[in-house]
Amino acid sequence: MTRGKVIVPKMVLQNQIRTLRFMHGEMTQQDLADRIGVSRQTINAIEGGKYSPTLEAAFQIARVFGRPLDEVFQCVVTRGGRV
Amino acid sequence: MGGSFEEKSVWIQLIATVLALAAYSVIAGRMLAAGVTALPAYAALFMVATGLMVVLLVAGLVVAALAGRGRPEGRDERDRLIGWRAESNSGWLLATGVFAAITGMIFSIDNVWIAHLLLLSLFLSEVLGFVMRLVYYRRGV
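Protein chains in written order, with our numbering: chain A, 13 to 95; chain B, 57 to 197.
Just chain A, with the same shape it has in the complex (with noise of 0.2 Å):
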């Protein structure tokens, strides 16, 4: 019996949080960052791509900005999978 090679595609967090900054106010990111409990240097690392946020805090980050987690967070695949 042959099995296919199982290839798992490698994802990448983007998020729009600077723009939904903007979008409110030109909210500062120590502002953000108070009113989930991290530092600013967590919300910037975020925001850079550099750290992909737990569960909680993404969702944390999705009500303060009052819209659905997929529309601050999103999933985008750079190398396709095949199993």
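One should not assume that every hint holds.
Claimed, not checked - Taking lysine to any residue and the SDA-like style, the derived pairs with C-alpha atoms no more than 25 Å apart in a straight line are: (1) B:Lys64 / A:Gln42; (2) A:Lys62 / B:Val191; (3) B:Lys64 / A:Asp43; (4) A:Lys62 / B:Asn145; (5) A:Lys22 / B:Ser144; (6) A:Lys62 / B:Phe61; (7) A:Lys22 / B:Asn145.
Derived by calculation from the structure, the hints in this document are not laboratory data.
With chain A fixed as given, assemble chain B onto it according to the hints.
Chain B alone, transformed into the frame defined by chain A:
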């Protein structure tokens, strides 16, 4: 430097640990070069070095805790993840040192070398852990 207080406290701990390691290496190196191989002669050095390690770690935690007083969250989820990942990626150095020390005991190597090996691996493992944390803070995790 625009890093978080956690990152700054890691820098302080790294510099302090490297200085302590350098001082330990110079003193132990001079004693070994002078032919001192009796373990009791190193007792004070080992105690000071171990005590210094504990003091540095506690000082780092205290400084981070004091800095976190103004912040409701203290250490946040990213700090914790970076800490865990750095620990898991630096622990092998200490494990290697302990394994080498056990191997040395089996081959009846002088206890003073085993003690130096254990302390050095402890120091180096801490240094590697701090460096990895700084890399994760800068490059992302």
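Status of the hints after comparison with the structure:
1. For the hint linking B:Lys64 to A:Gln42, the alpha-carbon distance of about 18 Å falls within 25 Å, and the restraint holds.
2. For the hint pairing A:Lys62 with B:Val191, the CA-to-CA distance comes to about 12 Å; that is within 25 Å, so the pair holds.
3. At most 25 Å may separate the alpha-carbon atoms for a hinted pair to count; B:Lys64 and A:Asp43 meet this at roughly 22 Å.
4. For a cut-off of 25 Å, the pair hint linking A:Lys62 to B:Asn145 stands: about 19 Å separates their Cα positions.
5. The hinted pair formed by A:Lys22 and B:Ser144 meets the criterion: a straight-line CA distance of about 24 Å does not exceed 25 Å.
6. Annotation: proposed proximity of A:Lys62 to B:Phe61 holds, straight-line Cα distance about 18 Å (limit 25 Å).
7. A distance of roughly 23 Å separates the Cα atoms of A:Lys22 and B:Asn145; the hinted pair therefore holds under the 25 Å criterion.
The earlier numbered hints are all upheld by this structure, with none contradicted.
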